[in-house]
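Asks: Add chain W to chain H, keeping to what the hints say.
Going down the list, the sequences are from chains H and W.
Those letters in the first sequence? Residues 1 to 154, by the working numbering.
Those letters in the second sequence? Residues 1 to 187, by the working numbering.
Mixed in with the good hints, there may be bad ones.
Unchecked claim - To give an idea of the chain W side of the interface with chain H (calculated C-beta under 8 Å), a few residues:
#1 2
#2 3
#3 4
#4 8
#5 12
#6 21
#7 68
#8 69
#9 71
Source of the hints: derived by calculation from the structure; they are not laboratory data.
Backbone N, C-alpha and C fix where the C-beta goes; we use that ideal spot for every residue, glycine too.
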Amino acid sequence: MMEAVSIPPFERFYEEHRTAVFGHLVRLLGRQRAEDAFQETFLRALRGYPALRHGRHLKAWVFTIATRVAVDESRRDHPQTTITEEQTGEPERPAYAQLEHLADELPDKERTAVVLRYGYDLPYDQIADALDSSEDAARQAASSGVRRLRRRLT
Amino acid sequence: MTAVPEALDQRFRDAAVAAGLLDVSYDIADTPVGPLLVAVSELGLCRISYDPEPDRQVEELARTFGSRILRAPRPLDPVKRELDEYFEGRRHEFDLPVDLRGRSDFSRLVLEQLARVPYGEVTTYGSLAARSGRPKAARAVGTVMNRNPIPIVLPCHRVVGSTGSLVGYGGGLERKRLLLDLEHAPV
Numbered sequence: 001m002m003e004a005v006s007i008p009p010f011e012r013f014y015e016e017h018r019t020a021v022f023g024h025l026v027r028l029l030g031r032q033r034a035e036d037a038f039q040e041t042f043l044r045a046l047r048g049y050p051a052l053r054h055g056r057h058l059k060a061w062v063f064t065i066a067t068r069v070a071v072d073e074s075r076r077d078h079p080q081t082t083i084t085e086e087q088t089g090e091p092e093r094p095a096y097a098q099l100e101h102l103a104d105e106l107p108d109k110e111r112t113a114v115v116l117r118y119g120y121d122l123p124y125d126q127i128a129d130a131l132d133s134s135e136d137a138a139r140q141a142a143s144s145g146v147r148r149l150r151r152r153l154t
Numbered sequence: 001m002t003a004v005p006e007a008l009d010q011r012f013r014d015a016a017v018a019a020g021l022l023d024v025s026y027d028i029a030d031t032p033v034g035p036l037l038v039a040v041s042e043l044g045l046c047r048i049s050y051d052p053e054p055d056r057q058v059e060e061l062a063r064t065f066g067s068r069i070l071r072a073p074r075p076l077d078p079v080k081r082e083l084d085e086y087f088e089g090r091r092h093e094f095d096l097p098v099d100l101r102g103r104s105d106f107s108r109l110v111l112e113q114l115a116r117v118p119y120g121e122v123t124t125y126g127s128l129a130a131r132s133g134r135p136k137a138a139r140a141v142g143t144v145m146n147r148n149p150i151p152i153v154l155p156c157h158r159v160v161g162s163t164g165s166l167v168g169y170g171g172g173l174e175r176k177r178l179l180l181d182l183e184h185a186p187v
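Looking at chain H on its own, in the form it has when it is part of the complex (with noise of 0.2 Å):
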């Protein structure tokens, strides 16, 4: 049985990952387009708060709402472009709604790994960032998910 993690205030979850939040809002979007979406993050993350039933892998979390706010940040400049398709050149990725719906059951490392890489295309490195793990692992993770999806849905 895995040992509850308790959910800090949201202060103190605030301090410890504002910085890094940042930083990958910065990588995605640009100093200038990065400010409105840090707020965006936190104050999704504020609506989200309550509903949150552990503490367990809460970087995971805030860095998803991230990126979800960052898509569409740049939906929304470029409703042609999105960050998925001028990052990899592949619009044919399956929608997020898709993956997230499927991706639900995961558990929660996986997930995380999941989606970032194969919803939002985002590099082994800030996965591992938001992961709180090596580029490996992250690696890892998003391919023992995936192989776990596709056992569910055979």
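Replies: Then chain W, alone, in the frame of chain H:
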């Protein structure tokens, strides 16, 4: 690492308040009795603490009022203004709603009676117990005073022993003396 610019940090905190997303906002107020942690919920003032360690208070506030707690100065402006006026001797009564959630019925009753003890006057633990309908509960009243979540505004410094001795104070006897002197109380 890209540090979050201070103005952006402040903007987020203000936006969280404006969006009504916080269970509790808190800040540190500088006063003649030292730095005080002051906190408000949507219902009113919910904490004044002499504890120099905000983390401990923040944890406790989150347990009582909800985890969405943030250091956000703006909602504390009226509290800080009234405290300033009090310490300058210009305010004898506070016009601040208080939020006593998390306290037992007896504690609330005692704290409500305590709020009626006028500026510059003192009462005793026994007398406050009697006014709360439990004349023999002076010791229990002492415990409620010791755990008063909103000292100064709920004036537990105005409660003294039956012989007139100061007895004790959550913030230390030196502060109790200072507050009573400020109010020119007869002890």
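Asks: Let's test the interface hint: is any C-beta of chain H closer than 8 Å to that of residue 68 of chain W?
Replies: Holds, because the Cβ-Cβ distance from residue 68 of chain W to chain H comes to roughly 5 Å (cut-off 8 Å).
Asks: Min Cβ distance, residue 8 of chain W to chain H: is it shorter than 8 Å?
Replies: holds, 5 Å
Asks: Could you check if residue 3 of chain W really has its C-beta closer than 8 Å to a C-beta on chain H?
Replies: Given a least distance of 6 Å, the restraint on residue 3 of chain W holds.
Asks: So, residue 12 of chain W near chain H? Judge it on the closest CB pair being under 8 Å.
Replies: Holds: closest Cβ of chain H sits about 5 Å from residue 12 of chain W, inside 8 Å.
Asks: Answer holds if the nearest beta-carbon of chain H is closer than 8 Å to that of residue 4 of chain W; otherwise answer violated.
Replies: holds, 5 Å
Asks: Min Cβ distance, residue 71 of chain W to chain H: is it shorter than 8 Å?
Replies: holds, 6 Å
Asks: For the hint on residue 21 of chain W, does the least C-beta distance to chain H fall short of 8 Å?
Replies: With a closest approach of 4 Å, the residue 21 of chain W hint holds.
Asks: Can we keep the residue 2 of chain W interface hint, with Cβ of chain H closer than 8 Å?
Replies: Residue 2 of chain W check passes; min Cβ-Cβ to chain H is 4 Å, inside 8 Å.
Asks: Does residue 69 of chain W pass the interface check with chain H, least Cβ-Cβ distance below 8 Å?
Replies: holds, 5 Å
The structure is consistent with each of the numbered hints, conforming to all of them.
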